[in-house]
Amino acid sequence: MHKIFLIIQREYLSRVKKKSFIIMTFVVPLLFIAMYAAIFYMFAKRDDLSDTKNVIVVDENGIFRSKLRNTASLNFSYSKKDISDERMAFLSSEYDYLLYIPATQQGITLLSQRKPSVSSISEIESQLNGINHVQQLLSAGIDTGILNSNKSRLQVNARQLTEAGEEDASSWLASGIGFVAAFLIYMSLFIYGVQVMRGVIEEKTNRIIEVIISSVKPFQLMLGKIIGVGLVGLTQFLLWIILCLSLAGAGGSLLLKNKSFNKQVKIEATNPQGQQIHQTGVDNQGLAILNSLESVPLFYTLSVFLFYFLFGFLLYSSIFAAVGSAVDSETETQQFMLPITMPLIFTFIISINLVINNPESNLSFWLSVIPFTSPIAMMIRVPFGVPVWELALSMCLLVAGFLVITWVAARIYRVGILMYGKKASYRELLKWFMYKE
Amino acid sequence: MNIPNNELRLYFISITNFFLLQLLRKCLCLPPQRNNAARAQSICKNMLSVKNIVKQYSNHKALDDVSLDINTGSIFGLLGPNGAGKTSLIRIINQITAPDSGQVLLNGEKLNPSHIGMIGYLPEERGLYKKMEIGEQVIYLSQLKGLSKNEAIKRAKYWFEKLEMQSWWNKKVEDLSKGMQQKVQFVATVIHEPSLIILDEPFSGFDPVNADIIKNEIVELNKKGATIIFSTHRMESVEELCDSIVLLHKSKKILEGKVKDIRNSYRNGTFIIQYLSNSTIAEHNEVFTILDSSQNEELKEVRIKLNDQKTTNDALNYLLPQVQILGLAEIVPTIHEIFVHQVKQSN
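So the protein sequences, as listed, match chains A and B.
Going left to right, the first sequence walks through residues 1 to 437 as my numbering numbers them.
Going left to right, the second sequence walks through residues 438 to 784 as my numbering numbers them.
The set of hints was computed from the structure by calculation and includes no laboratory data.
Heads up, some of the hints might be wrong.
[Stated by the list, open to error] So the derived label-pair ranges between C-beta atoms look like this:
#, chain 1, residue 1, chain 2, residue 2, range
1, B, E546, A, L13, 45 to 55 Å
2, B, H497, A, L354, 12 to 22 Å
3, B, K661, A, S303, 47 to 57 Å
4, B, K652, A, A400, 50 to 60 Å
5, B, E677, A, S329, 31 to 41 Å
6, A, I23, B, N508, 35 to 45 Å
Glycine included, every Cβ here is placed at the ideal spot set by N, Cα and C.
When you get a sec, could you build the whole thing from the sequences and use the hints?
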């Protein structure tokens, strides 16, 4: 009947009308973007942000003299004095490091007033090795001019051969999309699942539950709540997608101004041997992203994403609902949260570390068909391309899992919502599950 | 992307959609609601018949072979101390839970989902959605009971006006006092014009003024034909309102009947006599025994128990020569006294 629709409507509207929903929808993505921008900014500018260390170099052979490059974090100066003199003066000097290179080049030492940072050591090591390498080549009679002009600039252009022909196989973009999709599902399962649980606890502590279930079946109420909250999630995602697409559209039109020019360059740059020469430049990089975006079917990925979000959510939130029904307040939920959070965290960590690097492995396959783990694991795999039968199997198992879990959860829920002041344990839940109607 | 794959994907998505729809259909499919007008034509003598209900919870029996009949149009008192099984019985009538054995007939029909719209239930533990506006909430609850939206709005406005709560319409529940919330909940209980109204401790939390308002509304609803079940341990209201009662104790029915009959059956020939305090009654006589006596400045009171075969006339004949009588009345035990007596006895 339309009662379940009434419940869905109430659950949906009461959440969508809240201020916090509007804030979540528009402010949270901006916050995320700002956070990542800040991280990238600091990463890019990390040299400016760290202070410069002064290094005094004592080079007994003089091979490295004046050849060490100053960097943002290291500033080299050279001493002609003896190592023992420098060592004496070092502690009272303004230098942070004393680099001692013996004549034999064995036992090169870096003395420091405080513990040296790992990055400083590796920077010095690589510079010394580089200089040494060139020196050895030179002493073998190889001209440095040739060496410099021969710096290797090869790049692998990954292309996927399918029945339809060749297409771009941009793995980094697939990984990126997979990661973002899996992350969003992981987060939203928690956020919206907890909303369902809170709603159940609210009804129970408010004692309105008895009024409601004298009008509708507990199962209808549970399902209505879950679907209502799920629709809120979908609405939020759709708004985010529209937001992102319009932002991307705005960005794309900016890039488009240069597109015709770049295309010409691309054609000219393809030389007769069929070898593509990579162009460096900001415009071309943006274009490359746009081009690879076209290689990932956007609509297909989005619809698979929405499917896995919806059914993953339905599966987990019915457990959340059962947990909510078993307790009297939110503080009591701790002991029941573990079986929900464990598979989610486990899958997420495994997925972003292992599945993403090897989307075709056995582990990846199993994780992406088991209902509890498939919403996250499959989303990692989808951008890389998944055989249709695997996708179908995973989807069917997820739907079946959702039906079974919802059935179990509903049996606990219908008893739990009427139990007050009873400390629920897993044994108690099992008993509730076994109750007859 | 090659075409066969796309087709297959579509195929599988449509299969899952199909199963989803089946599931939805299953949980949405309740028997169609009948309207109350059609139902009113088939009035049964008993609005409700409870037959040999047993309800067992894991470690105790909540109801042990309980049977009762409630006449159509009566006000019925369901009494019992805490934990006697009242709430369990009410939940069964409301189809919130089901009995282990026995059956419940509503208007002669076995209890089924179409009865939901016929029952209005005010639970003892009151509750409303705290963040929802009052008007919206009442409309939502009455829609769940099967009213259309327009009808719900119309009736909610009527009730809000009647109980002088129009100004609350756009307020949130959390902004109302407890008594105000109870009033809202009362409206939500009766708005769909149920033919059976179940009120669990309806007056708790009301101040005397509002309690009277609600009491009058209940009486008025009863006069319009609604059958009312009171679940309470406040006995004054029972004596005043109820036609008949059932007393539950330790999940068993220990007493039932019309209030008048029950009280009469507990008469034991005790009387109270008032007389002027300038004279005294001889202590020992053949007609009655004195239970106790008290006195103030002007009059004395004595409680007597008639001996076997003696009537009040015998007592008066005996007393008239001795004292000047001001009044004589029979002491009929109140339901409260009977209740306490019964519960103590079965303990």
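Given the hint of 45 to 55 Å, check if E546 (chain B) and L13 (chain A) actually sit that far apart at their C-beta atoms. For L13 (chain A) against E546 (chain B), whose Cβ atoms are near 36 Å apart, the range 45 to 55 Å is violated.
Falls inside 35 to 45 Å, the C-beta gap from I23 (chain A) to N508 (chain B)? violated (57 Å)
Measuring from beta carbon to beta carbon, are H497 (chain B) and L354 (chain A) in 12 to 22 Å? Given about 52 Å between the Cβ atoms, the range is violated.
Given the hint of 47 to 57 Å, is the C-beta distance from K661 (chain B) to S303 (chain A) inside that range or not? holds (56 Å)
Honestly, do E677 (chain B) and S329 (chain A) meet the 31 to 41 Å range at C-beta? For E677 (chain B) and S329 (chain A) the Cβ distance comes to about 39 Å; the hint holds.
Please test the hint of 50 to 60 Å on the beta carbon pair from K652 (chain B) and A400 (chain A). Hint holds: Cβ distance 55 Å, inside 50 to 60 Å.
Violated hints, listed in ascending order, are 1, 2, 6; each of the other numbered hints is respected by the structure.
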